[in-house]
Amino acid sequence: NLWDEADRDVSMLVSKQYSGKVVGWGLVEGGGRTNNLNRVEMNFLDAESCQKGVPAFKRNGFPKKDKSYCAIRENQTVCSGDSGGGMFLYDSNRKAYYLRGFVSQGVTAGRGCEANVPVLFTDIAFYLKWIEQIALPKCYNLLGYGECPMFGMDENKYKLPLGIAHLKYQFRRNLLISDCHGVLISKKHVLTQAGCVEPNQLRELQSISIGSIFINDYSGSVAQYEIDSVKTNADLAILILKRDVSQQISPICLPSAHETGSPTIFFWTRRSPHPKKIQQVNIDALKMGDKSSQIFQVNVPSNQTRLGGTPLLYSITGSHMFLRALEKCPWKGCAQQETAQFVDVLHYGGWIRDVVGAKSGEDELLPPRCAV
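Numbering (the working numbering), first residue to last: -19 to 352.
Think of the hints as simulated: they come from the structure by calculation, not from any bench.
Heads up, the beta-carbon is just placed ideally off N, CA and C, and yes, glycines get one too.
Fair warning: there could be bad hints in the mix.
To be verified - In silico BS3-like cross-links for lysine-lysine, where the CA-CA straight-line distance does not exceed 25 Å:
(1) Lys168 - Lys211
(2) Lys256 - Lys211
(3) Lys257 - Lys211
(4) Lys168 - Lys45
(5) Lys139 - Lys211
(6) Lys47 - Lys137
Stated by the list, open to error - Simulated restraints on C-beta separations:
(7) Leu79 - Gln(-3): 39 to 49 Å
(8) Glu184 - Ser242: 57 to 67 Å
(9) Lys75 - Ala36: 32 to 42 Å
(10) Ser252 - Gln277: 22 to 32 Å
(11) Glu184 - Lys211: 15 to 25 Å
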């Protein structure tokens, strides 16, 4: 098992005086070799104390935030031959050991290694999503996609969020208007808030428009897709399209676990001039809900009237991005308030997987953190 992403903060482990067990066949006292697997229990150490103990670490920029950490043990240490060995933390609730890091670098002394000196470890938590991407795709994301790329407005750095759609409604017989957001979660399925599909005397849902970051952009890159059927479940709805969307448009991944990330909302506003360009706002970092949450509050800009169902995406380690929630508000638009209600997509994970027709991964041995 790998250490849970939710507890990646080393400073928290230091403050709670966590320790981890490190095993290996490295050199023993006096520089001798051994055929016995040895074990040492080492305590997490804060970065400042680590750099004081080993000035060379400070000169080389170690430990690197989120990517490495230090640990120490009085009168004991790891040595040559232990590199790449794991540090394991014990979870008394689950009665299981979890891999937290790998031995990276220590300090030699003569033929052996110096005790009472910090040791540098590679932090597994930083690489967790990459490991899942390769080894556990059903844990990496809900529908088992091979990649969950970053999206943003910087074309040189990230892919454009072309998987965010706007829903088209017939209004006053022949006028088509855009009133809600939708998110492409597979080549044939679009997730939106349930309020966007409710029957209404003034408008009737006709299709979705996807493939451009603009509304009413007539460049030819945007495409219209007709809706075959609609599935609803409390606060969310899934639009099943009559045909697959273009191969150039990537679905946006859904999470399979409760994680901490850097959240961003993408949205179009109701009153901006055409062609409307999608906007991107990074919001304060938050731990998005807990396992019992269905709705959670988010601080948002209060100076815009957004279309319904604004998607909240979050990124992890700057290279993986997931849809976590959709704003819950009336079809007339989201109110200009400092806080907004968001529907937790993770709460509906099992239902989403069933509608899309993805395998649940029940035949795979997945870590407890990935159980939706």
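Going through the hints against the structure:
1. Lys168 - Lys211: holds (13 Å)
2. Lys256 - Lys211: Between Lys256 and Lys211 the Cα gap is close to 29 Å, so the pair fails against 25 Å, i.e. violated.
3. Lys257 - Lys211: violated (29 Å)
4. Lys168 - Lys45: Outside the cut-off at roughly 40 Å; violated.
5. Lys139 - Lys211: Given pair Lys139, Lys211 is violated - Cα atoms ~29 Å apart, limit 25 Å.
6. Lys47 - Lys137: holds (21 Å)
7. Leu79 - Gln(-3): 39 to 49 Å: violated (20 Å)
8. Glu184 - Ser242: 57 to 67 Å: violated (38 Å)
9. Lys75 - Ala36: 32 to 42 Å: Once the Cβ atoms are compared, 39 Å apart, the range 32 to 42 Å for Ala36 and Lys75 holds.
10. Ser252 - Gln277: 22 to 32 Å: The hinted range 22 to 32 Å holds for Ser252 and Gln277, with Cβ atoms some 25 Å apart.
11. Glu184 - Lys211: 15 to 25 Å: Holds, at about 18 Å.
In terms of the numbered hints stated before, the structure departs from hints 2, 3, 4, 5, 7, 8, listed from lowest to highest.
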